[in-house]
Amino acid sequence: MSLAVIQTRAQLGIAAPPVTVEVHLSGGLPSMSIVGLPETGVKESRERVRSALITAGFEFPQRRITINLAPADLPKEGGRYDLAIAIGILSASGQLKGWKATPALEMLGELSLSGEIRSVRGVLPASVAAGQLQRALVVPRDNAEEALMAGDTEVLAVSHLIELVEHLIRRQPLQPAVAEEVAAEAGAMPDLAEVKGQFQARRALEVAAAGGHNLLFSGPPGSGKSMLAARLPGLLPELQSRERLEVAAIASVSGYDVTPACAGIRPFRSPHHTASAVALVGGGSYPRPGEISLAHQGVLFLDELPEFPRRVLEVLREPMETGEILISRAARQTRFPARFQLVGAMNPCPCGYHDDGTDRCYCTPDQIRRYQQKISGPLLDRIDLQLHVPALPPDALLAPAQPGENSAHVRARVRQAHEVQLSRQGTMNRELGGTELEQVCGLDDAGRALLTQVMQRYQLSARTCHRILKVARTLADLAGQPRVEEPQLLEALAFRGCSASGDG
1 MSLAVIQTRA QLGIAAPPVT VEVHLSGGLP SMSIVGLPET GVKESRERVR
51 SALITAGFEF PQRRITINLA PADLPKEGGR YDLAIAIGIL SASGQLKGWK
101 ATPALEMLGE LSLSGEIRSV RGVLPASVAA GQLQRALVVP RDNAEEALMA
151 GDTEVLAVSH LIELVEHLIR RQPLQPAVAE EVAAEAGAMP DLAEVKGQFQ
201 ARRALEVAAA GGHNLLFSGP PGSGKSMLAA RLPGLLPELQ SRERLEVAAI
251 ASVSGYDVTP ACAGIRPFRS PHHTASAVAL VGGGSYPRPG EISLAHQGVL
301 FLDELPEFPR RVLEVLREPM ETGEILISRA ARQTRFPARF QLVGAMNPCP
351 CGYHDDGTDR CYCTPDQIRR YQQKISGPLL DRIDLQLHVP ALPPDALLAP
401 AQPGENSAHV RARVRQAHEV QLSRQGTMNR ELGGTELEQV CGLDDAGRAL
451 LTQVMQRYQL SARTCHRILK VARTLADLAG QPRVEEPQLL EALAFRGCSA
501 SGDG
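For the sequence shown, position 223 (counting from the first letter as 1) is numbered 223 according to the working numbering, and the numbering increases by one without interruption.
Keep in mind the hints are simulated off the structure, nothing from the lab. Among the hints, erroneous ones may be present.
[Claimed, not checked] The calculated label-pair distances, taken between Cβ atoms and stated as ranges, are:
1. Thr322 to Gln416: 48 to 54 Å
2. Pro309 to Glu431: 56 to 62 Å
3. His273 to Glu419: 20 to 26 Å
[What the hints assert, rightly or not] Listed next, the in silico SDA-like pairs over lysine to any residue satisfying Cα-Cα at most 20 Å (straight line):
4. Lys196 to Gln7
5. Lys43 to Pro71
6. Lys43 to Arg63
7. Lys100 to Arg135
8. Lys97 to Lys196
9. Lys100 to Lys43
10. Lys43 to Gln134
11. Lys196 to Lys43
12. Lys97 to Phe58
13. Lys100 to Ala230
14. Lys97 to Ala179
15. Lys43 to Arg135
16. Lys196 to Ile169
17. Lys97 to Ser2
18. Lys196 to Pro61
19. Lys100 to Lys196
20. Lys374 to Asp444
21. Lys374 to Ala399
22. Lys100 to Gln134
Owing to the predicted nature of the structure, the values given are computational and were not obtained by experimental measurement. For glycine and all other residues, C-beta sits at the position ideal for the given N, C-alpha and C.
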């Protein structure tokens, strides 16, 4: 047979569209050409495949070899097609006696010059797609655990080209890979019990975790803002099955370890303030997930928030509302999920000591105003909890540590609040909107009058009003109350720096 057709998969965002590798051998001068919109890494597979076949003891056909990667309008990148191309050449040249290519088997893997099969990115989305069609998937052994996360897909893990050939010609069949149980290492996370004092900030962390709310800490240097933010992931419940697949798929296409997602650990991303807009939201010639997608179902911590360029911060506004980011290029669009919790930390002024009860601040009012205006009003509107974190006095800082409530106890209350929200409306409180918001967060006459008064005094936007209601609903869920009462509304207003008495 001079034609062989092998099935594999490309990578497009976190999707894995099917690709058919057609290998044809014909007469003429010996050559090997690859068509089907291959980029440089795919074109270089000619040399990898040739060396791998010869080193492994197979014959490389001295004929004209044409390889078509269909569909032709889908860009192909990377070395993920090496294994399918090599098997296609062996099949078309008649070196796989008794085996015929079948659509029920897909292959992924990059070849080394010795014939070893190396790991590739984006195996999990390919495994999910293959399993939906009830197809088996051949993957590098290093990608086996990742591929098995799909659940129903039959996975064949191989480490060398000869190993796969022995399986195909039934000389030494492979057994499907079996998943190993992965346990979450919650104890490895920073514990809330290590935080001294800061009871209001601890409360804000619990509320943010319980409702999925965004949070901003403001305070002088050394007050513990970063320490508090690092403890938020430890308060969040483990990822559920669907969430694990989403988070692991993003890690897979980005080249990161998927083990934490397999164990149910939520991501925590903390990019430096020199990060570009593309690094934050994703992009590139072949779009890759950015920090907001890598923080999907987890926490995105932006320390020194005003130090980020304003144009970089502004790109966060849309994904904070929609939970996804659409990256558009001339030829195609790529969509990445980005449902993250934003936690920001900032100093109140350039020197950091404004309004801390001392005379250390040397900033002028104009410097303070310019510094704080680096964060736009529309972005602040989207941050539900905005809290000042004061520095601890020396006697409290140096006093012997008093065991406080640990993360496990708080996480139990957060998990219970999550269950209440999911059973009531099917989503977290942060995602409430429209008629559902009015039904779930409805106030009595006294509550409406109070909120109206505060909105007029502080000239709050409609978005801010809705976010205050969502926080109040979360506070009521933590208190086990079916309705939002005045104490929850007052506390939610306090978390926005608003006072019902007019002295805030």
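Status of the hints after comparison with the structure:
1. Separation of Thr322 from Gln416 is about 28 Å and departs from the stated range, judged on CB atoms against 48 to 54 Å.
2. In this structure, Pro309 and Glu431 break the distance hint of 56 to 62 Å, their C-beta atoms being roughly 29 Å apart.
3. One distance hint, 20 to 26 Å for the beta-carbon pair His273 and Glu419, is violated here, with the actual separation near 37 Å.
4. For the suggested pair Lys196 and Gln7, the alpha carbons sit about 58 Å apart, so the restraint of at most 20 Å is broken.
5. A threshold of 20 Å between alpha carbons decides the hint, and for Lys43 with Pro71 the separation of about 16 Å falls inside it, so the pair holds.
6. A threshold of 20 Å between alpha carbons decides the hint, and for Lys43 with Arg63 the separation of about 18 Å falls inside it, so the pair holds.
7. Distance hint between Lys100 and Arg135 is fulfilled; the C-alpha atoms sit about 16 Å from each other, no more than 20 Å.
8. Taking the CA atoms of Lys97 and Lys196, the gap is near 71 Å; set against the 20 Å cutoff, the hint is violated.
9. A threshold of 20 Å between alpha carbons decides the hint, and for Lys100 with Lys43 the separation of about 26 Å lies outside it, so the pair is violated.
10. Using a Cα cut-off of 20 Å, the hinted pair Lys43 and Gln134 is violated, with the two alpha carbons roughly 30 Å apart.
11. At roughly 58 Å between alpha-carbon atoms, Lys196 and Lys43 are farther apart than 20 Å, so this suggested pair is violated.
12. At most 20 Å may separate the alpha-carbon atoms for a hinted pair to count; Lys97 and Phe58 meet this at roughly 13 Å.
13. Using a Cα cut-off of 20 Å, the hinted pair Lys100 and Ala230 is violated, with the two alpha carbons roughly 54 Å apart.
14. At most 20 Å may separate the alpha-carbon atoms for a hinted pair to count; Lys97 and Ala179 exceed this at roughly 32 Å.
15. This hinted pair does not check out: Lys43 and Arg135 have alpha carbons roughly 27 Å apart, beyond 20 Å.
16. Taking the CA atoms of Lys196 and Ile169, the gap is near 66 Å; set against the 20 Å cutoff, the hint is violated.
17. With a CA separation close to 14 Å, the supplied pair Lys97 and Ser2 stays within the 20 Å bound.
18. Restraint check for Lys196 and Pro61: the C-alpha separation of about 71 Å exceeds 20 Å, so the hint is violated.
19. A hinted pair counts as satisfied when its Cα atoms are at most 20 Å apart, and Lys100 with Lys196 does not qualify at roughly 68 Å.
20. The straight-line distance between the Cα atoms of Lys374 and Asp444 is roughly 38 Å, outside the 20 Å bound, and the hint therefore fails.
21. With a C-alpha separation of about 37 Å, the suggested pair Lys374 and Ala399 falls outside the 20 Å cut-off, and the hint is violated.
22. Simply put, Lys100 and Gln134 have alpha-carbon atoms about 18 Å apart, close enough for the 20 Å limit, and the pair holds.
Comparing the model with each earlier hint shows violations of hints 1, 2, 3, 4, 8, 9, 10, 11, 13, 14, 15, 16, 18, 19, 20 and 21; every other hint is respected.
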